[in-house]
Amino acid sequence: MNEPLAPSSSATASEPSDGAHRPDNAIQVHDAGGTGLFDSFRPPEEELISDCVHCGFCLPSCPTYSLWGEEMDSPRGRIYLMKAGREGAIPFDETYAGHFDACLGCMACVTACPSGVQYDQLIEAVRPQIERNYSRSLPDRLFRYFIFALFPYPGRLRVAAVLGTLYQRTVRGLLQKTGLLRHLPARLRAMEALMPPLRLRDITTRLPEHTAARGTTRHRVAMLTGCAQQVFFSDVNAATARVLSAEGCEVFAPADQQCCGALSMHAGREPEALARARALIDSFANLRVDSIVVNVAGCGSTMKEYAHLLRGDPEYAGQAQAFCDKVRDVSELLDELGPVAKRHPIAARIAYHDACHLAHAQQIRAQPRAVMGTIPCLEVVDIPEWEICCGSAGIYNLVQPEAAEDLGRRKVANIASVEPEMIATANPGCLLQIRRYLDPPVPLYHPVQLLDFSLRGVDPRNAASS
Amino acid sequence: MSDDRTVVALPDDVAAASKLLREGVAERTTVRFSGGGTKSCWGGAVNGVGLELSTARLRQLIGHQPGDMTASVEAGMPLAHLQTLLAEAGQWLALDPPTESSGATVGGLLASGDAGPRRLRYGTMRDLAIGATIVLADGTVVHSGSHVIKNVAGYDLTKLFHGSLGSLGLIAEVIVRLHPRPAASSTVVAEATATEATTAAERVVSSGVEPTAVEWVGPTGTEPGTLLVRLDGSRRGVAAGSDRLVNLLAEQGLSPEGVEADDADEQWQRVTAGQRAEAGSSVLRAGTLPTHLPSVWESLTSLSERHEVHSRGMSSAALGLHTVVLTGPPSAQAAVTTAWREQVTRLGGTVAVRERAAAVDAELDALGEPPSSIGLLRTVKSHLDPDGRCAPGRFRGWY
Amino acid sequence: MATDLTEATERSELVAPGLRAEFASLLGRGGVVSEPAQLRTYECDGLTGYRVTPALVLLPETTEQVAAVVTVCARERLAFVARGAGTGLSGGALPVADGIVIGLSRMRTVVSVDVPNRRMTIQPGVTNAQISAVVEPDCLYFAPDPSSQIVCTVGGNVAENSGGAHCLKYGFTSNHVLGLTLVTPDGSVVTLGGDTTDVFGPDLMGVVVGSEGTLGIVTEVTVRLLRRPQSVRTLVADFPSVETAGNAVSGIVAAGIIPAAVEMLDHLAIEACEKATGAGFSLDTAAALIVEMDGFDTECEIDFGEAHRICEESGATSIRVPETAAERALIWKGRKAAFAAMGRMSPDYFVQDGVIPRTRLGEVLTRVEAMADEAGLRVANVFHAGDGNLHPLVLYDADKAGESERAEKLATGIVELCMEAGGSISGEHGIGTDKACSMMKMFSPDDLAVMKRVRDAFDPDAICNPGKIFPTPRLCGELPGPYRPHPLEAAGVISRG
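Protein chains in written order, with the numbering used here: chain A, 1 to 466; chain B, 1 to 399; chain C, 1 to 497.
Calculated directly from the structure, the hints in this document are not laboratory data. We put the beta carbon where it would ideally sit given N, CA and C, even for glycine. Careful: at least some of the hints might be erroneous.
With a Cα cut of at most 30 Å, we get these calculated BS3-like pairs of lysine-lysine [stated by the list, open to error]:
(1) C:275 - A:326
(2) C:333 - C:275
(3) C:409 - C:275
(4) A:342 - A:326
(5) C:441 - C:452
(6) C:409 - A:83
(7) C:452 - C:409
(8) C:400 - C:275
(9) B:19 - C:452
(10) C:169 - C:333
(11) C:400 - A:83
(12) C:441 - B:19
(13) C:441 - C:409
(14) C:275 - A:83
Chain B side only, calculated, beta carbon under 7 Å to chain C, not exhaustive [unchecked claim]:
(15) 146
(16) 164
(17) 287
The whole structure should be built from the sequences, with the hints applied where relevant.
This is the structure in structure tokens:
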């Protein structure tokens, strides 16, 4: 496809502006054909749509089809809707947008598709079209504005977390007792319930900017500290740095790094996402590292797409490609490097939950298992329906709470069926979502935390729970 | 069973059969189809028809394709004769109905659905017939299926005629799929009660050894019940399988033994013979879930005792099929049948009466209550045979 | 039939929208799909060449709901089409213009499992693979295994009498269905078959299985379960030509062996499967056979050894025997993804489903090759060699002038070749919309008229999946092909919004 380019941008790599709903003015890609409902700025491509032979092999892997059994809420049906959209035969209304909003973006269909349909690219082309061309209801707009004004900002998130923790320790009990909690709107209730119990100390912990390798330096890595990750899961970041160091990596964690833009990208807020991508590339630009390590599945999958996202931006295209080439999920890197540090046994049965953005979006399934497999006595078991999303999916469990709850309960039932003593998953969103529905509770860890326990010779059952 | 005014016709080919039927349209001549006559008493009696159309002269092997393992035959071909012809190529039509030795024909086996112990592995004509040529009452000649074993083109009319007992039209030709004749066969025999036999059947089928038949012959007088398990296959395979079976049944506390081929044949012939009725006795056929075998037999035994009727019989234990012969006063036979049918029906099963004395016939319906699909059966019948000419009375009480 | 279909369409056009509220009262609002965009997604099944947008899609959850909506359809003489997962390859679930689609995708409850009697009752929306998954711990499984088994539903399997790779030894769906609950086209509920395998009277169930949804809607299915074979042995043999591979198949059959499955892939098919799944097929071979034996271990070993020997003697260049169950599963995954994976090889393709007597395999395949050369097109072959069920995939590019017409002609020619060889026009995909016209070549007018009488007995108003199986003069005046307007569309009776 030809990509006529508009003059390059001046979009600064700082905070994205609020006029974020216009196409990114750095990149103008026009589709010459009739694009129907879509504007000509990167509509879903005809060629990618026509790759779908309508065989239906994607249906059983699709979370929404599993829930509702409706063709229009299946990957095949959504591709059909894109096609109808391009033909312009139908209105761009709540129904139309709703079927795309209902898609979790888990990409299980990409794994399942025998024809190699790139649904990931298709859905990511449609979401910004919705943001631009469909007017959401005011409450929906406000809620989304609130989410994107909060989550990508660790500073604001820390304040919120402190307030939230105080709330949990005081008012929540009262609300629960009086039953008032049940009367909250579903979206607020979801947000309330997903908030993890925290110690104030954890909220304020920051990772050192530099951690030296233990022993010989085998590898130099830059580490993404994430936004929600560094506030709610600072212990995972700490464990990641310790493990990398123990395995001979020199670790850099620049303090000025900001959100990678994954949440925005998955929600169709393309200009915002692109600005964040450029900013992150800039903050890692001066580091001479072999790899850029991520311990959040959702962030990693977007960071690996930077080159594609910025393909039309002459200023950044080259840098983005170089950046992408270095991005590794932490399990991917550890598996590539191979173990050197001594492991201590952890005798436990652990269920590994494949995060969609690791298993489907990045096709990383073997590596986390291999990494955990280096821990003596640890029994790693798979979960039935492993390919089906847990319902977390970025901000999905906040904006589509009912569907997310159904999927969360289904996932937890599948986990319970293998009777694990612990659960491991490489995405904080999955972890929060699963924890919400676990009854009775089962400890949840990031795989790298387990490796950290093993390296330190600590039994996780004796350590403070995550 | 022919009445004086029934004309018996023996057409030589399909065209002749079609012509005979077409000629009867104007007069609405009623017609009965006959083959080897081994199951003419199944269902309601068909008396006083104008025409009996016999397949006695429709007995050609039309074609045998050994490489494709298919054959087409005229409906009047006796099964026993067909097996002799196929044996030359090391093949057989995988059916062993008890009526084979008395002249059962291929067409009759499709029309009746009759099959023997080895239906456990191979099924019935429902599974083995892959095509048929049918002649309707108005003389229309219909072809269904083809010479290939896998075929989903059009409605499967061959299956529609399975079990139709001549009530929808004449089955004139049949195409069947064939199996290689097993090189060897072995049988393991053990004394067993109904409960033991049911457990054993389940264990045998779940064991991974793939038996071709699991039959249980019910106790009579002082003779205890006997379980027979048959294996067909290669010499080495059946030997190993039979060892496995002996161990398996012994683990269950039975005293099994492998039987030599000749003895085994004799045992299986006894099973066949045991299903034939003596004059004045009735043959009942029940179908239930396999696990209902003990309760079915328990109720039969107690009813027989109460009505002073002698009963014997056998079950295809892994399939839940039971064949029972009652001997005694007709009214007592009828009473046992009625009560047993009621009990079996309550378990979700069915009971049909095959052979029976006229006095028994007068007191009950051969087929019992019609199924919930009776409305459909009636409309199918009326669409294929609008004047009701084919085998009137065969499904007495149903249509 | 043509009149029936037109009438049904005209009636439906007038009636369906007005009935929306009545259907909603029966199913709840969530059970009625009526937005134009949503309806578009139901306009075709796995065969995308034919597309018709329905007036409404209904998603019932119980037998009672199906009966209730069918009763309304019968009262209004409104055409309806049942749909499962929409994976059919013959357009069997193609909606009737402005008629109703009754989607069974929400009816996926396992009603009961009876392990001692080896049977299970399920609703029609349960997938084929799910049946086996439920009873896996009990060492039982459901034998029919169509390639789409991970997604296709048992209701669809019943409608199409689905087969699969392993039906050579174990038979088709028809041989594994013990009972059905059927909502007849007048809305009444009947059961066919049941607890006993001895059924008296004409075998209605035998006709309903494979009737492609034209005799009613099946709302519950009781299936027979088999014990998982004690032993399974599989080999993948490479051959220098399709013909030598065909000879090996004949050799195996002639030796009196009944393999669980014998599948053949030619070079193109191997390439597609390999790209999609990386199952480990050799990319430099002309043809490969997958031969699988299963059953009692001793017998299985003997037969496997024999099959291995026959492949060698027939000229196999290499024979691979998978060591683990996972490796074997990957081979089957590769094979079963073949059709869908063909999208990687060619922008467009036709799948055919002809059957030939297996002794004529080599001859017919050679002829197909010659026909393809003549047409200047590529044909990939992937098929169930053991039972002679061919699936030639005619590859073409619709954007190249004249290519789709040539492909159409070639595809039709191949099916006619199968019939000439004494076979059938469909082994497992069904007739549906796609092959209705070819029915006239396989059956006489009398044969078809009698099938029609059976249909009339079940569905006197022809409201239940009309326009399928039976050739209609309107439809069959044209050549079968890729997408072309529905005849009613061409006639200006309907239009797509």
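Looking back at the hints listed earlier, which ones does the structure fail to meet?
-> Structure breaks no hint.
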